[in-house]
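Protein chains: 4
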Amino acid sequence: MSSSENSEALVLSSDPLHPANLIPELCRSFYHLGWVTGTGGGICIRAGDKVYIAPSGVQKERIEPTHIFVLPYPQVAPSPHTDRVFLRRPSLNLKESACTPLFWNSFEIRDAGSCIHTHSQHAVMATLLWTGPVFTISHQMIKGVRVGGTGPALSYLDTLELPIIENTPNEEDLKDSMAEAMIKYPNAAGVLVRRHGVYVWGTDWEKAKTQTECLDYLFEIGVKMKLAGLSTTLN
Amino acid sequence: MSSSENSEALVLSSDPLHPANLIPELCRSFYHLGWVTGTGGGICIRAGDKVYIAPSGVQKERIEPTHIFVLPYPQVAPSPHTDRVFLRRPSLNLKESACTPLFWNSFEIRDAGSCIHTHSQHAVMATLLWTGPVFTISHQMIKGVRVGGTGPALSYLDTLELPIIENTPNEEDLKDSMAEAMIKYPNAAGVLVRRHGVYVWGTDWEKAKTQTECLDYLFEIGVKMKLAGLSTTLN
Amino acid sequence: MSSSENSEALVLSSDPLHPANLIPELCRSFYHLGWVTGTGGGICIRAGDKVYIAPSGVQKERIEPTHIFVLPYPQVAPSPHTDRVFLRRPSLNLKESACTPLFWNSFEIRDAGSCIHTHSQHAVMATLLWTGPVFTISHQMIKGVRVGGTGPALSYLDTLELPIIENTPNEEDLKDSMAEAMIKYPNAAGVLVRRHGVYVWGTDWEKAKTQTECLDYLFEIGVKMKLAGLSTTLN
Amino acid sequence: MSSSENSEALVLSSDPLHPANLIPELCRSFYHLGWVTGTGGGICIRAGDKVYIAPSGVQKERIEPTHIFVLPYPQVAPSPHTDRVFLRRPSLNLKESACTPLFWNSFEIRDAGSCIHTHSQHAVMATLLWTGPVFTISHQMIKGVRVGGTGPALSYLDTLELPIIENTPNEEDLKDSMAEAMIKYPNAAGVLVRRHGVYVWGTDWEKAKTQTECLDYLFEIGVKMKLAGLSTTLN
Chain A
1 MSSSENSEAL VLSSDPLHPA NLIPELCRSF YHLGWVTGTG GGICIRAGDK
51 VYIAPSGVQK ERIEPTHIFV LPYPQVAPSP HTDRVFLRRP SLNLKESACT
101 PLFWNSFEIR DAGSCIHTHS QHAVMATLLW TGPVFTISHQ MIKGVRVGGT
151 GPALSYLDTL ELPIIENTPN EEDLKDSMAE AMIKYPNAAG VLVRRHGVYV
201 WGTDWEKAKT QTECLDYLFE IGVKMKLAGL STTLN
Chain B
1 MSSSENSEAL VLSSDPLHPA NLIPELCRSF YHLGWVTGTG GGICIRAGDK
51 VYIAPSGVQK ERIEPTHIFV LPYPQVAPSP HTDRVFLRRP SLNLKESACT
101 PLFWNSFEIR DAGSCIHTHS QHAVMATLLW TGPVFTISHQ MIKGVRVGGT
151 GPALSYLDTL ELPIIENTPN EEDLKDSMAE AMIKYPNAAG VLVRRHGVYV
201 WGTDWEKAKT QTECLDYLFE IGVKMKLAGL STTLN
Chain C
1 MSSSENSEAL VLSSDPLHPA NLIPELCRSF YHLGWVTGTG GGICIRAGDK
51 VYIAPSGVQK ERIEPTHIFV LPYPQVAPSP HTDRVFLRRP SLNLKESACT
101 PLFWNSFEIR DAGSCIHTHS QHAVMATLLW TGPVFTISHQ MIKGVRVGGT
151 GPALSYLDTL ELPIIENTPN EEDLKDSMAE AMIKYPNAAG VLVRRHGVYV
201 WGTDWEKAKT QTECLDYLFE IGVKMKLAGL STTLN
Chain D
1 MSSSENSEAL VLSSDPLHPA NLIPELCRSF YHLGWVTGTG GGICIRAGDK
51 VYIAPSGVQK ERIEPTHIFV LPYPQVAPSP HTDRVFLRRP SLNLKESACT
101 PLFWNSFEIR DAGSCIHTHS QHAVMATLLW TGPVFTISHQ MIKGVRVGGT
151 GPALSYLDTL ELPIIENTPN EEDLKDSMAE AMIKYPNAAG VLVRRHGVYV
201 WGTDWEKAKT QTECLDYLFE IGVKMKLAGL STTLN
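Chains A, B, C and D, in that order, give the protein sequences.
The first sequence lines up with residues 1 to 235 when you count with the UniProt record's numbering.
The second sequence lines up with residues 1 to 235 when you count with the UniProt record's numbering.
The third sequence lines up with residues 1 to 235 when you count with the UniProt record's numbering.
The fourth sequence lines up with residues 1 to 235 when you count with the UniProt record's numbering.
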């Protein structure tokens, strides 16, 4: 890595909407929603030429602004095999989120400003009950979701389709299959990972968050419908 | 619209029971109940000749008093095809709730002082398991619900009936079918919208809220009973 | 009634454990547990010769100390047909909880110091799946429950039995059948009311509350077991 | 016991991460997760030569630092038949957690720094649906769990196995069967107790807590899968 400087200024702000304040607050909220229990999951925010990322393997309801990593954007996709450039690394013994290359997919392929990863049980159950490569639902409140995550809102008359990719032991190894799925399903606002969770993005953190809520709602109601023997799409 | 004036005075008050303070607080509470996740749903309050309405398409747990719209009442039903009159519009780039014409139904047809719209999964599941035009339940704690929403309390011996209307892509287009259902079922304290949610009203915000809680409770227990093979009405 | 005096001193205290402070706090907590949504349910506390009771038909998460009724104890069971004596009635337009005669049962028959009433869906579902006069479960964590509610703790090897009485349109009319059930089942720590909820008592508010939690836990796991086809008692 | 001294200094600290501050905070959090309702369950923390333990049979969301017991470590396993040595006992009429000998198992057999006991319904349902001596799941997010609770992280490709021991009327009598199960299953990060709950440990409280969350998540999803007719292991 080219820099190990440790600028507190990049993460200390009295503005509650500063990314380094938002990420801890949102992670606490996601913890209480059951999205990120047990150190899994998280959120990243890209603001202009800076990307703010939470540490890996920590209690998500106890993150502090000083735990946040800051990376410059753009940079060559920070895959496992690439040296990542940092503007700031916490002085503690922390590692940046293992989702970093997957978050990068959302920036590079969809020009997203924020990406959320959850281990929500509704998402995981959806990947178990939809055994094929796509989760599909229609005639539900899907209009909170945008085409491709960053485009116009879906209509009640549209059918929502989300690709499901297969899990890998290392989170970072999902990078290529996630990118493929995003390209194959350009209208999808997120990518499900079988037996693992979901990645959802938006133009900013508000839209990433509200779309994650909408999608989680749809996974939940879809699973309930399937288990009740109801079809989740109308012909 | 006849007015774009921006009077802060209409929404800034140190009284926690002022509608512009209550709406943000109640929306936060509804968010944690799972009624308004992902920007859907909300509440409006009519106080005398003023109607307070939340903005559309925003995170319901983060509304501020300054985001509230104020409209004069009465005025010709503010349907999609009518210019609406405002006493106050937020200076931000916000639009008033798409539920506005539906809230107006509750004022004009039932003389309600408050109307709540939720996307609760219990309501949605009820509209999927009750495939006809009416949700029915009896011999449960229905006595928290009032006849027509603004009349005397129901008795344990009454049967609760709530009409279910079909959803439309645009929320505003539900206005006529909701009004029809309210007239056809004058005793109903709310109207369910298939695959979407429910509208519930009361003479004031407390009664609208407690009735929404009662009805949501009845949807939840009704769905549980149906899924367990139990009948939700006794003969 | 013999007294309509309105002594604030009876309910204003800086001690967080004063009954008039505890009841609002506990009702808020019960609201978030789903025990008292929509104005139903509540708790009363008897401290020496005074009984503290919440008002009827109000939002249980918004009770204030000044809303609390204080009654002298003992007095002839305050049934619907008996004039009740008060030490304090709130100046607002409030009525004491309709559960008052039922709370009195717990004082008179079990010498309880506190009684809790919930509309928990776990309790209601238990009364629907146990169609006879008794809810029974064994070999679960029942040792948090006391014999008769105020006696020694049950053992893991005991079988928990709770009578189920039939509901009536007016809460107060449950007084006699609840008393009968308490006498017929002297070891029961509570009484279930079919399609309605449960009454649980203890020697003080802490024990009433922890026993209500234990019983609600047992209703919940019992319902889950029944729905999964498992027997809730071992032979 | 060799000491009944009552040193406040052992439990009063302005450091929020002091064990006597952490235990009350974590118990409150566990209460809201449904892990320790009705006085059951809890957490202990071992810091160097001191063990901090919560009292038995109290409301877990209302513990105060002054309620905490402090014991020296090591000492002969404080079984029911052994006099326990204390550095501090609260002056109130409290008894140390009945889990004490079971917590000791985690220190002595796994060198754990913290041990958590929950009555989570997901854990209990798992012990009812897995009727044999082991709970097994694979191909889920098990990588938050460590080999033996204090070793390296499991991989997504591993199968998680947790022994299930049979319950006894007195918590302390589980000591020997828990120790046996820990020795027979050296890779297990916890021990389930049939119809009762689970014990989970880690090198420190953070790891004990995140592993308990991971395991609870796995019990929950495993139970859902079983009830949906899905296999929880892939061949």
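A few of these clues could be false.
Anything over 10 Å on all C-beta distances counts as not near chain B; from chain A, calculated [what the hints assert, rightly or not]:
1. P24
2. E64
3. I109
4. D176
5. R195
6. M225
BS3-like mimics (lysine-lysine), calculated; alpha carbons at most 30 Å apart, straight line [what the hints assert, rightly or not]:
7. K50(B) to K224(A)
8. K226(C) to K226(A)
9. K224(A) to K184(A)
10. K226(A) to K226(B)
11. K95(C) to K224(B)
12. K50(A) to K184(A)
13. K50(D) to K95(D)
14. K224(B) to K224(C)
A few chain B residues facing chain A, derived, Cβ under 8 Å [claimed, not checked]:
15. T37
16. T39
17. Q59
18. H119
19. Q121
20. V124
21. M125
22. L128
23. P169
24. R195
25. H196
26. L227
27. G229
Keep in mind that the hints were calculated from the coordinates and are not lab data.
Positions of the beta carbon are idealized from the N, C-alpha and C atoms, including for glycine.
Results of checking the hints against the structure:
Listed as a non-interface residue, P24(A) keeps its Cβ farther than 10 Å from every Cβ of chain B; the least gap is roughly 16 Å. No Cβ of chain B approaches the Cβ of E64(A) within 10 Å, the least distance being about 22 Å, so the stated non-interface status holds. Listed as outside the interface, I109(A) is consistent with that label: its C-beta sits roughly 23 Å from the nearest C-beta of chain B, beyond the 10 Å cut-off. At the 10 Å boundary, the C-beta of D176(A) stays outside the reach of chain B, the nearest C-beta of that chain being 30 Å off.
Here R195(A) stays apart from chain B, with its beta-carbon at least about 24 Å from theirs, past the 10 Å limit. For M225(A), the non-interface assignment is contradicted: its Cβ lies about 7 Å from the closest Cβ of chain B, within the 10 Å cut-off. Taking the CA atoms of K50(B) and K224(A), the gap is about 41 Å. The hint is violated against a cut of 30 Å. A distance of roughly 21 Å separates the Cα atoms of K226(C) and K226(A); the hinted pair therefore holds under the 30 Å criterion.
Simply put, K224(A) and K184(A) have alpha-carbon atoms about 28 Å apart, close enough for the 30 Å limit, and the pair holds. At roughly 15 Å between alpha-carbon atoms, K226(A) and K226(B) fall within 30 Å of each other, so this suggested pair holds. A distance of roughly 33 Å separates the Cα atoms of K95(C) and K224(B); the hinted pair therefore is violated under the 30 Å criterion. Of the supplied pair hints, the one linking K50(A) and K184(A) holds, its CA atoms being roughly 28 Å apart against a limit of 30 Å.
Pair hint K50(D) plus K95(D) holds up; C-alpha atoms about 18 Å apart against a cutoff of 30 Å. Note on K224(B) and K224(C): the hinted pairing holds, with a Cα-Cα distance of about 11 Å set against a maximum of 30 Å. Residue-level restraint check for T37(B) holds (minimum Cβ-Cβ distance to chain A is 4 Å; threshold 8 Å). Residue-level restraint check for T39(B) holds (minimum Cβ-Cβ distance to chain A is 5 Å; threshold 8 Å).
This hint holds: Q59(B) has a C-beta 6 Å from the nearest C-beta of chain A, less than the 8 Å allowed. With a least beta-carbon distance of about 6 Å to chain A, the hint placing H119(B) at the interface is held under the 8 Å criterion. The beta carbon of Q121(B) comes within 6 Å of a beta carbon in chain A, closer than 8 Å, and the hint placing it at the interface holds. At a threshold of 8 Å, the smallest CB-CB gap from V124(B) to chain A is about 6 Å, leaving the interface hint in force.
Given hint, M125(B) at the interface with chain A, holds; its Cβ is 6 Å from that chain's nearest Cβ, closer than 8 Å. Using the Cβ-Cβ criterion of 8 Å, the hint placing L128(B) at the interface with chain A is satisfied: the shortest such distance is roughly 6 Å. Interface restraint check for P169(B): the shortest CB-CB distance to chain A comes to about 4 Å, inside 8 Å, so the restraint holds. Against a cut-off of 8 Å between C-beta atoms, the interface hint on R195(B) holds, since the closest Cβ of chain A lies about 5 Å away.
This hint holds: H196(B) has a C-beta 6 Å from the nearest C-beta of chain A, less than the 8 Å allowed. This hint holds: L227(B) has a C-beta 6 Å from the nearest C-beta of chain A, less than the 8 Å allowed. Residue-level restraint check for G229(B) is violated (minimum Cβ-Cβ distance to chain A is 12 Å; threshold 8 Å).
The structure fails to meet hints 6, 7, 11 and 27 from the earlier list, while all remaining hints are met.
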